[in-house]
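Chemist: Protein chains in written order, with the working numbering: chain A, 1462 to 1876; chain B, 185 to 396.
Calculated from the structure, these hints are not laboratory results. Even for Gly, the Cβ is constructed at its ideal location relative to N, Cα and C. Possibly wrong hints are sitting among the right ones.
Said to hold, decoys possible - Calculated cross-link-like contacts (lysine to any residue; reagent style SDA-like; alpha-carbon spacing at most 25 Å):
1. B:Lys-258 x A:Thr-1735
2. B:Lys-258 x A:Gln-1542
3. A:Lys-1568 x A:Arg-1646
4. A:Lys-1665 x A:Ala-1698
5. A:Lys-1849 x B:Ser-306
6. A:Lys-1775 x A:Gln-1542
Claimed, not checked - Chain A regions said to be covered by chain B (calculated; three or more residues, Cβ under 8 Å):
7. 1524-1530
8. 1835-1845
Claimed, not checked - Residues on chain B that point at chain A, a partial pick, calculated with CB under 7 Å:
9. Met-234
10. Ala-266
11. Trp-294
12. Val-320
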Amino acid sequence: MSVESIVPAPAPKPAGALTMDVIEHTNNRMVLSMGPQHPSTHGVLQVMTEIEGETVTHAEPEIGYLHTGIEKSAENLFWTQASTVIERMDYLSPLSNALCYILGVEKLLGVTDLVPERARQVRVLLCELSRLASHCVWLGTGGIDLGAISTFFYAFDMRERILDLNELSGGARMHPNYLRIGGLRDDLPAGFLERLDTLIAMYKPRMTELRNLLQNNPILQDRMIDVGIISPEDAIAWGVTGPCLRATGVAYDVRKAFPYSGYENYDFDVVTRTEGDAYARFLVRLDEMDQSMRIVEQVRKNLVGGPIMADDTKFTPPPKETIAVSMEALIHHFKYVSESFRVPPGDVYQAVEGPRGELGYYIVSNGDNRPWRVRTRPASLYNLQILKKIAVGELIADMVVMIGSLDPVFGEVDR
Amino acid sequence: MPSSQNPPVGSTALDPTAIRPAIDDARIIRTTPDALRDELVALRRDGYTMLLDVGGVDYLAREPRFDVVYHLLKLELNGTQAQRVRVLCGVPGADPVVPSVTDLWPSADWAEREVYDLFGVSFSGHPDLRRIQMPVEWEGHPLRKDYPLRGPARERTPRPSFALKSNVAAGTPAAGKTAAALQRQIAAARGQVVPAEADAARGGQLPKDGSK
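Take the sequences, apply the hints, and build the full model.
Modeler: Set out below in structure tokens:
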């Protein structure tokens, strides 16, 4: 049997068909749709990329797949209820969202000074813990994006312990709805501070382990250094905030520039790098976690006693124990729950430093018991937007690194 | 606690930003679409280099109906304190068009698309003005105050009321005045025409309009 009979002869090309050579010579760009179901897009991001070989020549992120109309819902809820849906925006650090909204409403009410010191301290404590939890998710999933599976377990173990603290204080792991207009819902339960001490004790060795795994890892450095470089001018022009901005050398932190909830009393540094690439953003976030832990330790050390709710029944519910014995308290409670309270007309812009950057709420009240408008300034949306600039000229494989290093949360991008 | 006897203020037309308590959060500038770009260019030259956000507010009964709100930030430089300014641009409801500022700040790109998508305010000069959050074929602008919370009423298949859902319609041989009237009503509800012979077969000698 001859070789010719086993291997079939190639079929003759039909006349007029494009050969491979012709395609390569005319146009070798192709359009590739990344997502919205791609695991590295951290949710539901679609990036329409035009690639030439492996180089990205054009990238257009498409968002909106997770749009749930939270801003519209908030307009139809009482002032007290709106914080519940607002917590669902940035689901990795719900307390930052709630704090920002509540601080804004307190400014509209003019009661910022009535919030007791203990409530302000606990707010700071929980917000820094949720920043830590959020950065743990970024660290874990960012490691998976690069093939580093084991960091995921180290980081998520620490996050679980923070979520346990959420559950202890607010009753729910992810969306505790613990912060209230005027203070907190309840005082910290017994055993909370002991659990917090355990977390503080485990933090340093765990971060050392994580840093040993990742920071000087040559594979990770190869993937991240000089990838997705943002210049400080671009970062300012594109509205980039948070760790992505500080990685370019601009030391803007809302906690320092516009202190809120007593941040001026704590000693912490604004971490900056100057490289502006994915590795710089990685290092800034790692150092920021250490600074967050510094604040947590200071709050733990200086935590004062006292009330946790403002003493003004115009906007706070009556103490639960009075409801059973006082008719006035019962009536008050009924009216508080069934029709809430009214907020004087006005508008306010309140910003906090969320884990992703400046998280802002522009709140408009027309004197009703519902907000007229709650506009979010989503940090993720603006941080993600710059992807279409920094992706051009990079390799398609680095797209995953760039999305991961911008750390978008699509609950907040799409709202 | 305020009394529920007072009518809610929300149903009345007013501009809450005009009667504003003293809140020290930002400097406020009011402007019109014609003067907007000059205002923003001047602010940028003044050091407000960062456009943090572009948002919209629908005041419904006010004229101008919409506000497009620009939040600007001056970063701290050489020890000066960081500052905020808020530019409120009133936009008439009849012709909601605002000049785009995407050439000044690329950060305005998605934010302006979002205001267009959710409020229907158009931005002249925007390079790629299309919906961003809602599906491209969506009709209406959901964050407008006259847009219902659960969206527009969807087209529903006509469903007969309880009385019309009796088993007369299920093919059992029915006779008599009531049955024929029911058949007619069911057919009318479904948009069908009952042929006369079907009527006669049922033994009905009813008037054609189906009245009882």
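Chemist: Taking 25 Å as the top limit, are the C-alpha atoms of Lys-1849 of chain A and Ser-306 of chain B close enough?
Modeler: At roughly 23 Å apart (the allowed maximum being 25 Å), Ser-306 of chain B and Lys-1849 of chain A satisfy the hint.
Chemist: Can the restraint linking Lys-258 of chain B and Gln-1542 of chain A be considered satisfied, given a maximum Cα separation of 25 Å?
Modeler: Distance of about 34 Å is beyond 25 Å: violated.
Chemist: Would you check whether Met-234 of chain B satisfies its interface hint, that is, whether its CB is within less than 7 Å of any CB in chain A?
Modeler: Check passed: Cβ of Met-234 of chain B comes within 5 Å of chain A, closer than 7 Å.
Chemist: Would you settle whether the hint for Ala-266 of chain B is holds or violated, based on the nearest Cβ-Cβ distance to chain A being less than 7 Å?
Modeler: Since chain A brings a Cβ to about 4 Å from Ala-266 of chain B, closer than 7 Å, the hint holds.
Chemist: For the stretch 1524-1530 of chain A, do three or more residues have a beta carbon lying closer than 8 Å to a beta carbon of chain B?
Modeler: holds (count 4)
Chemist: Quickly compare the C-alpha distance for Lys-1775 of chain A and Gln-1542 of chain A to 25 Å and report which way the hint goes.
Modeler: The given pair, whose Cα atoms are some 16 Å apart, holds under the 25 Å limit.
Chemist: Tell me if chain B covers the stretch 1835-1845 of chain A under the three-residue, 8 Å CB rule, please?
Modeler: holds (count 4)
Chemist: Could you grab the alpha-carbon distance between Lys-1568 of chain A and Arg-1646 of chain A and see if it respects the 25 Å cut-off?
Modeler: Given pair Lys-1568 of chain A, Arg-1646 of chain A holds - Cα atoms ~19 Å apart, limit 25 Å.
Chemist: Decide if the proposed pair is consistent with the structure: Lys-1665 of chain A and Ala-1698 of chain A, CA atoms, cutoff 25 Å inclusive.
Modeler: violated (37 Å)
Chemist: With chain A as the partner, please determine if Val-320 of chain B meets the hint condition of a C-beta pair closer than 7 Å.
Modeler: With a closest approach of 10 Å, the Val-320 of chain B hint is violated.
Chemist: Are Trp-294 of chain B and chain A close enough, Cβ to Cβ, to be under 7 Å, as the hint says?
Modeler: holds (5 Å)
Chemist: Would the pair Lys-258 of chain B and Thr-1735 of chain A pass a check requiring their Cα atoms to be no farther apart than 25 Å?
Modeler: holds (20 Å)
In terms of the numbered hints stated before, the structure departs from hints 2, 4, 12, listed from lowest to highest.
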